[in-house]
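J.: In order, the protein sequence lines correspond to chains A and B.
Those letters in the first sequence? Residues 8 to 381, per my numbering, in order.
Those letters in the second sequence? Residues 226 to 348, per my numbering, in order.
Worth flagging that the hints you see were computed from the coordinates, not collected in a lab.
It is possible that some hints are incorrect.
[What the hints assert, rightly or not] Calculated lysine-lysine pairs in the DSS-like style (CA-CA distance at most 30 Å, straight line):
#1 A/LYS359 <-> B/LYS314
#2 A/LYS359 <-> B/LYS232
#3 B/LYS323 <-> A/LYS359
Each chain, letter by letter, is given below.
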Amino acid sequence: MSDTEAEIETIESLPLDAWHRERGARMVPFAGYSMPIQYEGILAEHTWTRENAGLFDVSHMGQLSVSGEGVAEALEALMPGDFSALKTGRMRYSMLLDEEGGILDDLMVTNAGDHYALVVNGAVKWDDIGHLREHLPDEITLTHHDEQALLALQGPKAADALGRLVPLANDLSFMQGTFAMWGDVPLYITRSGYTGEDGFEISVPADKVAMLADALVAMDEVKPIGLGARDSLRLEAGLPLYGHDITEQTDPVSADLTFAISKKRREQGGFPAAGKILEILAKGPSSKRVGMTIEGRMAAREGAPIFAGDARIGTVTSGGFAPTVGGPIAMGYVEAGHALSGTKLQIEVRGKMLDATVTDMPFVPHRYHRKKKA
Amino acid sequence: MTTYFTKDHEWISVDGPMGTVGITDYAQEQLGDITFVELPGEGDSVSKGDSVSVVDSVKAASDVYTPVSGEVREANGALADEPELVNTKPESDGWLFKVLLSDASELEGLMDEAAYKAYVDSL
Numbered sequence: 008m009s010d011t012e013a014e015i016e017t018i019e020s021l022p023l024d025a026w027h028r029e030r031g032a033r034m035v036p037f038a039g040y041s042m043p044i045q046y047e048g049i050l051a052e053h054t055w056t057r058e059n060a061g062l063f064d065v066s067h068m069g070q071l072s073v074s075g076e077g078v079a080e081a082l083e084a085l086m087p088g089d090f091s092a093l094k095t096g097r098m099r100y101s102m103l104l105d106e107e108g109g110i111l112d113d114l115m116v117t118n119a120g121d122h123y124a125l126v127v128n129g130a131v132k133w134d135d136i137g138h139l140r141e142h143l144p145d146e147i148t149l150t151h152h153d154e155q156a157l158l159a160l161q162g163p164k165a166a167d168a169l170g171r172l173v174p175l176a177n178d179l180s181f182m183q184g185t186f187a188m189w190g191d192v193p194l195y196i197t198r199s200g201y202t203g204e205d206g207f208e209i210s211v212p213a214d215k216v217a218m219l220a221d222a223l224v225a226m227d228e229v230k231p232i233g234l235g236a237r238d239s240l241r242l243e244a245g246l247p248l249y250g251h252d253i254t255e256q257t258d259p260v261s262a263d264l265t266f267a268i269s270k271k272r273r274e275q276g277g278f279p280a281a282g283k284i285l286e287i288l289a290k291g292p293s294s295k296r297v298g299m300t301i302e303g304r305m306a307a308r309e310g311a312p313i314f315a316g317d318a319r320i321g322t323v324t325s326g327g328f329a330p331t332v333g334g335p336i337a338m339g340y341v342e343a344g345h346a347l348s349g350t351k352l353q354i355e356v357r358g359k360m361l362d363a364t365v366t367d368m369p370f371v372p373h374r375y376h377r378k379k380k381a
Numbered sequence: 226m227t228t229y230f231t232k233d234h235e236w237i238s239v240d241g242p243m244g245t246v247g248i249t250d251y252a253q254e255q256l257g258d259i260t261f262v263e264l265p266g267e268g269d270s271v272s273k274g275d276s277v278s279v280v281d282s283v284k285a286a287s288d289v290y291t292p293v294s295g296e297v298r299e300a301n302g303a304l305a306d307e308p309e310l311v312n313t314k315p316e317s318d319g320w321l322f323k324v325l326l327s328d329a330s331e332l333e334g335l336m337d338e339a340a341y342k343a344y345v346d347s348l
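Taking the hints into account, I'd like the entire structure generated from these sequences.
T.: Okay, here's the thing in structure tokens:
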């Protein structure tokens, strides 16, 4: 068997490190931290989350707050979201863009009342902080809350479980957030996540996170879930993974993330590379991120070339066996002429050509808790 | 019948001129849930150390190297429908392929069960 795990110079521990090890997690280096890749097994953990509730430690992610006079406008100069219209307690998915329109990171932005709360990817959080410090005006305050841990509770039974500890959580709809107390522990809870299921992300002081994690996994419907299942769940949900499906070399339109460019921002521009991005939006991108389902059982992974007949027309950016779908799926970029749902393509894996079909994403329907329209 | 082990976590069980090859329990545990096994073709001529099979798990694809040279005589067809046999019975029903040895002296460099156990304990 081959062993190709890369070595990373310094690996730091997160607040729940011992907690994961006590529960039999296999720990691996990820984003500079030692993190649980799995407990009992990725397939079982994936299915558990789709049917019950899975608890994920996502404390490696960067929790930032941004405040000050004109903060919404300052954030709008760096991202294509409409933050001045974002009401208190509401959140949006957005992207930090560079001057060429490349994606520096994707992130969640919540209007938390007296500040905006940003949750950014662990692997690039230090770059994000540097970028924000450099580009935000001096009167805007940026704080990195490394004293906070972050848990995600995901799955159809997440609301029942968290509601027992914090009833207020049940009042939230998808993409809403609130401060809440669990006993004397202050939490910030958002109804969000990256699995396609209903669920929550819970910001909690690092010295209380083990207590909260214990209280959650003590419930019959909650089990701890590792990074492996987090990846297969987000892939089935059609959600891009930064550094793989979206990078500085991809723009929001090619990445099929135009929903994150609000109507007002399309009309007014004013975000990085707005001219270029709006032109791509008007003319259509030359290549596009799509989902693909693959015949058979062999998985196609990052880097696999995609063909239409003899012509190389794209590359897989992430893929693997999808437990809920029951077969291999992939995400990748293909030339625009081959991006329509139903298009037949071939993906080369270890010298074999696998038949693939462009498929609408998500691969597994989202089950977010949305407010019913009156 | 004698079973030998490699540092790459393959086993080969030898009965006369025929060897049956699989991956060890330690290897399947490291790989996690196996979803697909790519097997060598019957009649393939293989050389010791060649990557002749790929075990695909939910996590990653991993090469399997043949511990001996020879000719592949049979591949485990049951794995097409039940790749998880490599997880549940890695050292019996989850075997990968059978090879007709061309040079039995290649076995001399491999570990016996006790040596392999000590090797895994040292990892």
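J.: If you check each hint against the structure, which ones fail?
T.: none
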